[in-house]
Each structure stands twice: as structure tokens, then as C-alpha cells.
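Student: Sequence:
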Amino acid sequence: MAHVPFSVIIPARMASTRLPGKPLADIAGKPMVVRVAERAHRASATRVVVATDDDDVVTACRANAIEVVMTRADHPSGTDRLAEVVERLALPDDELVVNVQGDEPLIAPALIDAVAQQLAQRSECAISTAAHAITSPEDIFNPNVVKVVLDQAGRAHYFSRAPIPWYRDGWAADASPAARPLPPTPVYRHIGIYAYRCGFLRRYPTLAVAPTEAAESLEQLRAMWHGERIAVMISDAPPAPGIDTPDDLAYVRAHWAELSAR
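According to the numbering used here, the sequence shown is numbered sequentially starting from 57.
For the record, the hints were derived by calculation from the structure and aren't laboratory data. Computed from a predicted model, the values in this text were never measured in an experiment. Note that the Cβ used here is the ideal one computed from N, Cα and C, for glycine as well. A few of these clues could be false.
Computed spacing ranges between beta-carbons, pair by pair [to be verified]:
#1 119 with 221: 46 to 52 Å
#2 302 with 146: 38 to 44 Å
#3 306 with 220: 29 to 35 Å
Put together the whole structure using the sequences plus the hints.
Tutor: Structure follows, in C-alpha cells:
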């Protein structure tokens with residue numbers, strides 16, 4: 057199938073509780089959000105746009121020739137912010153948009169391309185995302201690691217912070233997570249990157265919050281609750297780490313310095 061064009065939108069909020077001012081954190085002389093946009097430009101996207109509600113982020117992007125759109129400050133989620141950008145840019149309903157998080161300066165451009173083309177090939181789906189097989193029992197039982205179960209066609213059946221599918225015959229209730237074996241069926245970790253059809257993004261702000269979304273605190277469950285299908289691309293490897301804390305930032309800075317020294 058021919059390569060289908062798509063855009064990348066990068067939501068960037070300054071209000072991070074664990075790392076204030078995160079989008080402007082310096083990584084080798086440039087703000088983090090600029091580094092993310094530069095990585096996105098290495099994918100096959102026809103357009104890369106930062107979406108923010110902060111004047112300083114706008115200034116940083118323009119100083120580095122990164123397209124940026126100022127959005128409202130009251131969006132409850134990054135997806136709502138994407139919906140505003142789709143309207144502001146008058147993107148057609150059938151155009152594809154990939155949401156790249158603004159705290160992932162090491163994201164693989166190939167992953168961005170793969171998620172976009174996955175959606176292009178799945179006309180029955182409004183969204184596509186990615187996952188990889190978990191190899192650590194501790195990760196399976198870690199509620200901060202979101203799991204996804206697939207149906208026969210490779211679409212998301214359900215996302216959860218709980219260990220799914222449950223290995224009934226292999227996981228003793230009194231055993232520690234480290235002592236529990238990996239089940240014969242793969243357990244997939246969700247990778248937090250999404251491609252959307254713009255028509256769905258326009259509808260998203262009108263959708264009521266789903267009970268499952270509220271319980272799990274997983275935004276993608278809203279789309280599934282309202283009958284939308286999500287295609288899931290299986291990646292051979294886990295994604296590069298994002299940045300949520302000062303320790304994460306220190307790691308990425310060190311990794312960046314190591315890559316630059318090669």
C-alpha cells in the first residue's frame with residue numbers, strides 16, 4: 057500500500073506537577089519540546105505542529121522554526137487540545153493525525169510512521185496505537201504499566217492497569233509478582249502514541265466520559281465505550297523512555313550526551 061500522508065501534533069503543557077516547566081527543560085541546548093518536534097520531523101509527516109497554552113512555549117518553538125498553535129488553557133485532556141487544533145487548521149475529516157507526547161525527545165521516527173500507516177490500512181478504525189510484549193512479571197502487575205488485550209483482527213479488546221489476560225492456572229494468589237511466571241499467551245504493554253482520523257477528533261469533545269475510563273483513568277476507554285475501534289500495532293521493542301520526573305530528565309540528558317559523543 058502507498059504511503060499515506062499524515063500530520064503530527066505535539067501537545068505541550070507547562071503545568072506538570074512532578075517537573076514544572078517540563079516542555080522548556082533544556083536538552084543539549086534546546087528546549088525539550090523542540091527536541092520532540094525535531095524527532096517528529098525525521099518521520100514521514102507532512103506537517104509537525106506543537107499545540108500549547110503557554111506564551112513561552114510559543115516563543116521557544118518560533119525561535120527554532122517549529123510550527124506552533126496557541127490553544128485554550130482549559131482543555132481537560134491532550135485529545136481535546138488536538139481537537140481544537142484540527143478545527144483551527146481546518147484539517148479534513150479523512151486526514152490522519154499522530155499525537156506525539158511533548159515529553160518524548162527520544163521517540164523513534166519509525167514508530168510514528170508505523171502507527172500512522174497502521175491506521176491508514178484499517179478503514180474500520182478511528183484510532184491506532186502500539187504495544188509490545190511484556191517480558192517482566194513485575195511489569196505485568198504494575199498498575200502504572202497499562203496493558204491491552206487484542207481481538208482476532210489485531211484491534212484493542214480492552215485496556216487496563218490490571219494484569220490482563222489473567223493467567224488463572226499459573227498465577228497463585230499468594231505468590232509475589234516476581235515469582236509468577238510469564239503466561240503462555242503474550243501480555244502486551246500499551247505504548248502511549250496514537251494516530252487519529254480528524255473526523256473522530258472533532259467528535260471526541262462531545263463524547264461523555266465512560267465509566268471504565270473514570271475507573272481506570274485511561275482516556276482511550278472513552279472511545280471504545282462509544283463504539284470506536286482501535287487498531288494496535290505490535291512493536292518488537294519497548295519505546296524509548298519519556299520524561300516525567302527530574303530523574304527521567306537526567307537520564308535523557310546523559311543518553312543524549314552519549315549519543316552526541318559517538
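Student: Against each hint, give a clear statement of whether it holds in the structure.
Tutor: Status of the hints after comparison with the structure:
1. 119 with 221: 46 to 52 Å: 49 Å, holds
2. 302 with 146: 38 to 44 Å: Cβ of residue 302 to Cβ of residue 146: about 40 Å, so the range 38 to 44 Å holds.
3. 306 with 220: 29 to 35 Å: At roughly 33 Å between Cβ atoms, residue 220 and residue 306 fall inside 29 to 35 Å, so the hint holds.
The structure shown violates none of the earlier numbered hints.
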